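**Q** Here is how the chains run, residue by residue.
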Amino acid sequence: MLDLVWLIPALPLAGFLLILLTGRRLGDPRAGYLATTMCAGAFVVTAGVFLKLMSLPAEERHHVRRLFSWMPVGSLHIDLSFLADPLSITMCLFVTGIGTLIHLYAVGYMHGDARYSKFFLYLNLFALSMLLLVLGENLVVTFLGWEGVGACSYFLISFWHERESAATAGKKAFVTNRVGDWGFIVAMFFAFQATGTLSYRGLAEAAPHLAPATAAAIAGFAFVGACGKSAQLPLYLWLPDAMEGPTPVSALIHAATMVTAGVFLMTRMSPVLHAAAHFGLFGGHVSVSTVVAVVGAVTALFAATVAVAQNDIKKVLAYSTVSQLGYMFLAVGSGAYVAAIFHMVTHAFFKALLFLGAGSVIHGMHHEQDMRKMGALRLLMPVTAGTFIVGWLAIAGVPPFAGFWSKDEILLFAWDKSPVLYVIGLVTALLTAYYMTRQVIMVFFGEARWHDAHAEHGAHGDAHRPHESPWIMVGPLVALAGLSIVGGFIQLPFSASVKRLEHWLAPVVEGSEHRLRGNVDDLKYVFMAIAVVVAVAGIVAAYLVYAKRRVEPVEPAILANGWYYDQAVSDFMGGPGREAFEGVAWADANVLDGAVRGSGAVVRAGAGELRKVQTGNMRTYAAAVGAGVVALLAWFVLRGVL
Amino acid sequence: MEHATVGFPILTMLVAVPAIGALLTAVVGRKRPEFVKLTALLSSVLTGALSIWLMAAFHAHDGGFQFVSKHPWIRTWGISWHLGVDGISLFLVVLTGVLFPLVIAGTDPHHDHRAYLAWLLLLEAGVMGSFIALDLFLFFAFFEIVLVPMYFLIAGWGYEQRVYAATKFFLFTMVGSAFMLVGIITTAVLGKAGPNGSVSFDLVDLANHASFAATTGRWLFFAFAVAFAVKIPLFPLHTWLPDAHTQAPTGGSVILAGVLLKMGTYGLLRFGVYLFPEAARWSRPLFLTLAVIGILWGAIAATMQSDLKRLVAYSSVAHLGFIVLGIFAITSQSATGAVMQNINHGISTGALFVLVGMIYERRHTRQISELRGIQSVAPVFAGVFTVVMLSSIGLPGLNGFVGEYLVLIGSFLTARWWVVVATAGVILAALYLLWAYQRVFHGPVDDANRGFAELRWREAAVLAPFVAIVVFTGIYPKPMLDRIEPSVKQFIAHVHDATGYVEPQPAGEGAP
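As given, the protein sequences belong to chains L and Z, one line each in that order. For the first sequence, our numbering puts the final residue at 831, and the numbers step up evenly by one. For the second sequence, our numbering puts the final residue at 548, and the numbers step up evenly by one.
The hints are simulated quantities; they were obtained by calculation from the structure and are not laboratory data. This one's a predicted model, so the numbers in the text were calculated from it and none came from an experiment. Glycine included, every Cβ here is placed at the ideal spot set by N, Cα and C. Please note: incorrect hints may appear among the correct ones.
Which chain Z residues face chain L? A few, computed with CB under 10 Å, are given here [stated by the list, open to error]:
1. 279
2. 318
3. 321
4. 322
5. 350
6. 433
7. 460
8. 475
9. 492
10. 496
11. 497
12. 521
The whole structure should be built from the sequences, with the hints applied where relevant.
**A** Written out as structure tokens, the structure reads:
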């Protein structure tokens, strides 16, 4: 069974090729069902591999399936090979599982789109790339998937490419990600030079012997890559814009799977990160892990403050995703790799649910995304509203929903790392509960504000009344809602025996995982209580502001505009950045080529002058020859004399 | 290690067939114009078939020259008709063999087919000769022959400023060649590598038997390097390229980018570094720096171009910078990557020029600002463009990645900080190509572009081989690497023998 691991990416590949060849003939909805089947098949194979791994003793849960030698040159051996171990299979399970649900949802959501089959072509290509990313046995195969998901993200964000905003957003995502890729590539080079290998097993074995500075270079550059893919400061810019893509894309790529790749990479590299602990920047006080934790915490807080003031239903969720990814990096930086993966999984459940719910609302509202024009939709879209509320409770951190458990575990480790990080995490949790409650109230409760919006189109009458989505879209919502309720039970904090995920991932991260100080572990129920109080406080505050209208909403422009960071970067790129580029182009045309043309002109002018010497006058020539002879003679004579 | 001369003189045929084809085209075309294209196509297809046969018969894992053919030519000066192919030149020969039939089949000169095709075939003979000549004099002859047809192709079938561009190309290269001619003669005369210390122009003899004082070697190396740097072109000697590329007809641009520039990088490796390893190592910092500047400079200049062809031309400056980086880093991976990148750039950029040519045929403009929304009216055309573009960007899984990655990872071992800067080129490559793509293919289509025709079958047939190579090489480069690497190893061993240079290995390698 383990040898069949290659089949996991092969099925979406088959789907991609089939749709490439026959997509237009298959059409709507058969192309969609084909793609869904392939993704579901990958899930079934993954489940088989998972069960097989479970049945093995923990230390044998590491199986490499080598397909062929990809780039072998000298001491460099890069194989196209897959690794089935607890981490990769955990990733595969939720990538294919949630992926299948989103494929199914998209069958309904994309119905009637002019480029229906192309959408599923990209979706299967994405699934293939994502699976290569997580299954890769070495950094280069991961990079293959890494760039593949980047390209698919580009295709899918600019899927409605007639819209300038969509085209620009796609390009922005690709280019920003490439900045991160630069870091990933350089990290690979450092790793290869220091260890002679790029395979994860080899790196893990070599890591303890690395010089701390080298380990720090590898981990640090890899983190640059992770920041790009997982939308952390300062490279998060592309993710809010990526909402230009169709909503299933936002759910699949920009919430549940692709954006977690950075967290996955750092977890894979945990032995190196661990080895880098003894190298400090800024006078030896700040390790790479601390940088990771701080960037994560600051990003989490930053994005949460921005989410508070967004009015676009998807933008709220986009900033929320950035913020939740920040939590995961806070966990990685605190040495809590299990907690990071735990939150990645629960977040995949509830964030996919929320995005698909938002998509269902957008679908029902006939492509309206502004929450100010919604309200009271629970009456017309009961299933969407019910499942969305589950997702809301999960992300807000209300027990026993999934998000509570994973966020709580991260905060525990954050406290152990530094109380400051813990407080930032806690404030973020408060804001998360607040902005999500705000969203739920604006969309599903209060008075219906869509009457006004659509009264203008009165002629269409009831055709524009919001409606519940078809079963094919609602079904996945129900399934994800179920997962968002029970998802937290894979890792419960009460005793060692219910920490299932920790046991499962132990073979991968055991050596690098931070151990909580005893007194922190004893206080876990106190922390849990604080987390519940904070979540409830956030919910109540938002309720008072948006439902009861007791307090005026605080939505300053600076938050609505994301602290003007995006604006500043755009201004720089469009201003001094562009001028510098134009300067280079100008210098190329005028200085370098100018020198060339100048020397051409000099030669021509010189030749023109020389031409005047050829007078055709015999006496001038004779005089010149005579002068030459005299000069030569004089030279020889003088040389002989001296 | 040289193989015995093979019975069938395939390398001589690779030069002779296109040369005879050129002659036939010129002669036949005068009497029977309807056979012109057929004659030319058959000659180039035959050459292509020979090159593929050569690839099939080539012994992988053998780093020496194969299919060697050596006949004395001018005995007194030690000049001989010496041809041979190894892993460094093999795929350049195949690329030449494959590109020419595609260009002949796929591009339309619009007037005077006979002369156009005859010049193309003569060009092919010259290029082939340059890649397989193992005698400095012979190499120089082929290297110079190439200039003449290329000049006439640009000047005769090019665009608005074709004469200016053609002259610039010719003069630039001639200046470089003048240095090389002096260098070649001096090398042969001072080298005295022939039997009993006589003069020899033979590359193998010179590499093995000639030794120069350090200063002399450096002067000679620079004489060669200038000629090749112009041809590559290496920053800051690149300004002829955008003009030549933009003004050349599509076929000319494809050949120029695909194989002509490679005569520079190939020559640098084969004649420059190989003959003067000490000088090459001594001048390493200079060339690494110029290469890295070229990578960034070319990419930044490309971003700001308003003409699609000029944009692709500047991207060549950037891509060729990677090759020079790989050559001067002198490690197995970097040099193997450089040889790969030679081929990959030829395929990707060649295909890009074909595509831009098709856009020009339809819209009679290359200005990015006049194109818009083409993806909505010609999705298949846009799809092919996307694949080629991503290959040029260096997306893994496509061919461009393999060469670039090997160059960078190999160079990192000997030139770390140059590589860290050069790698930023991957960001810029995405920037200039995607931005151009967005302006040309995305957005709502306007009236001027609404009639943009979808890819035709004939065009698809020309592009299909490009796309197939792009994907195959990206996924399974091993057959190529297996043939390139042994020769690169031998090359590095030669540098070691001459200078005591030891290729650095990553730690862990060879550890007990």
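**Q** Hint by hint, work out which the structure violates, then give me just those numbers in ascending order.
**A** The structure conflicts with hints 2, 3, 4, 9, 10, 11, although it agrees with all the remaining ones.
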